[in-house]
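Take the given structure of chain A and dock chain B to it, following the hints.
Chains A and B, in that order, are what the protein sequence lines are.
Mapped onto the numbering used here, the consecutive letters of the first sequence carry residue numbers 18 to 168.
Mapped onto the numbering used here, the consecutive letters of the second sequence carry residue numbers 24 to 213.
Quick caveat, the hints were computed from the structure, so don't treat them as lab data.
Keep in mind that the hints are not guaranteed to be accurate.
[To be verified] Footprint (simulated), chain A over chain B, 3 or more residues, beta carbon under 8 Å:
(1) 76-87
(2) 95-107
(3) 167-177
(4) 197-207
[Stated by the list, open to error] Listed next, the stretches of chain A that the computed footprint assigns to chain B, with coverage defined by at least 3 CB atoms under 8 Å from CB atoms of chain B:
(5) 34-47
(6) 66-74
(7) 78-90
(8) 96-103
Note that CB positions come from ideal geometry on N, CA and C, so glycine has one too.
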Amino acid sequence: MTDGTQTGAGELDDRTLAMMSDYLDGTLAPAEREELEARLAVDPALRAELDEMKATVGALKGLGKETAPTKLGPTVEETIHRRSAGRFFGRRTLGDRVPFGVLLIAALVALVALGFLLWSSTTGSLKVERKDTAPPPPGAREAIPRPLTTP
Amino acid sequence: MSVSDRQLVRRLRDRDEQAFRELLAEHRDKVYNLTLRMLGNRAEAEDVAQEVFITVFKTIDSFREEARLSTWLYRVAVNHCKNRIKYLARRHDRDKDQLDESNEAAATSSSPAPPVPRPDRAVEGAQMERVLQEAIGTLDEDHRVLVVLRDVEDLSIEEICEITGLPDGTVKSRLHRARLALRKKVTRHL
Chain A
18 MTDGTQTGAG
28 ELDDRTLAMM
38 SDYLDGTLAP
48 AEREELEARL
58 AVDPALRAEL
68 DEMKATVGAL
78 KGLGKETAPT
88 KLGPTVEETI
98 HRRSAGRFFG
108 RRTLGDRVPF
118 GVLLIAALVA
128 LVALGFLLWS
138 STTGSLKVER
148 KDTAPPPPGA
158 REAIPRPLTT
168 P
Chain B
24 MSVSDRQLVR
34 RLRDRDEQAF
44 RELLAEHRDK
54 VYNLTLRMLG
64 NRAEAEDVAQ
74 EVFITVFKTI
84 DSFREEARLS
94 TWLYRVAVNH
104 CKNRIKYLAR
114 RHDRDKDQLD
124 ESNEAAATSS
134 SPAPPVPRPD
144 RAVEGAQMER
154 VLQEAIGTLD
164 EDHRVLVVLR
174 DVEDLSIEEI
184 CEITGLPDGT
194 VKSRLHRARL
204 ALRKKVTRHL
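Bound conformation, chain A alone (with noise of 0.2 Å):
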């Protein structure tokens, strides 16, 4: 290939087209550019090959840039959230902000006064007897207290 004669398309060495990318690429050095340019003037073959990679290189480059979904963020803390279990990006209710041991220190609290006013109630529930406020029947005197007699 190196002799002159002309390349067929298939037939080039690693070391050819290890220059055809680095020539793509503008990494070539300036002695291997020149050889292979001097190579690429009197073969179609090889000059048809470095187009054709070079249309494959320039189609690559123009692949369009894509943005990421909106929801990426958002979903990558809500993930990150759920899996440290509230240390991180946690924002949203009561639950999500203070830690589950106050809330279970609260919930015990809670419950053993619960507890305590049940057992010290004297019906055994919650609820507070009432005295009787009914009004005197009709015709019912107001007792009036004596006053005490000496002897």
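Coordinates of chain B only, in the frame set by chain A:
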């Protein structure tokens, strides 16, 4: 690494949520684009991009600041993509085995390559993009990484060496083989 990157990393290590949001805002499109080109499927790409950022949040303490933050981020993304490609290939094989068992009588083609689009469907614009995306999907993951990083994401060879941990010569030789394989697949559509 730049001063702003160092500050961002320090804040990330302090689990500063605002810093994490800044990281997301700055890099989410690049990471998503990389995962999309590597996987060729939007749902998978989004899922892997999420995992990339979650991994970064979890493992920022292991970042040694020898490389740029974006390079490290790309490395995490590439590793996740490779793992997902392997997982999907295994799942595909398993599904295929089950299908074969249930259809023993039917003579089906066992070609491992994805279907090549018909020439009449491969025209300009979006369809060309689809042709390219499918061609990328036929490359093995090591070659696919290099083509995506170099020709789609336009990273330098030096950056690619840092991301992949491969020597310069290996990156170049694999890259030109990958381009050659791609060229063969898409030439008739160009």
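Coverage assertion for the segment 66-74 of chain A with respect to chain B, Cβ distance below 8 Å, three residues required: holds (count 5)
Establish whether the coverage given for the segment 78-90 of chain A by chain B is satisfied; the threshold is a Cβ-Cβ distance below 8 Å, and no fewer than three residues must meet it. holds (count 10)
According to a criterion of three or more residues whose C-beta lies within less than 8 Å of a C-beta of chain B, is the segment 96-103 of chain A covered? With 3 residues close enough to chain B, the hint holds.
Can you take a look at whether the segment 197-207 of chain B is actually covered by chain A? Rule is 3+ residues, C-beta closer than 8 Å. It holds, with 7 qualifying residues against the three required.
Three-residue Cβ test at 8 Å for the coverage of the segment 95-107 of chain B by chain A: violated (count 0)
Within the assertion that chain A covers the segment 167-177 of chain B, do at least three residues meet a Cβ-to-Cβ distance smaller than 8 Å? Coverage by chain A holds for the segment 167-177 of chain B (5 residues, Cβ < 8 Å).
Given coverage of the segment 34-47 of chain A by chain B, tested with a Cβ cutoff of 8 Å and a minimum of 3 residues: holds (count 7)
When I compare C-beta atoms, does the segment 76-87 of chain B have three or more residues closer than 8 Å to chain A? The restraint on the segment 76-87 of chain B holds, since 3 of its residues have a Cβ under 8 Å from chain A and three suffice.
Hint 2 from the earlier list is the only one contradicted by this structure; the remaining hints agree with it.
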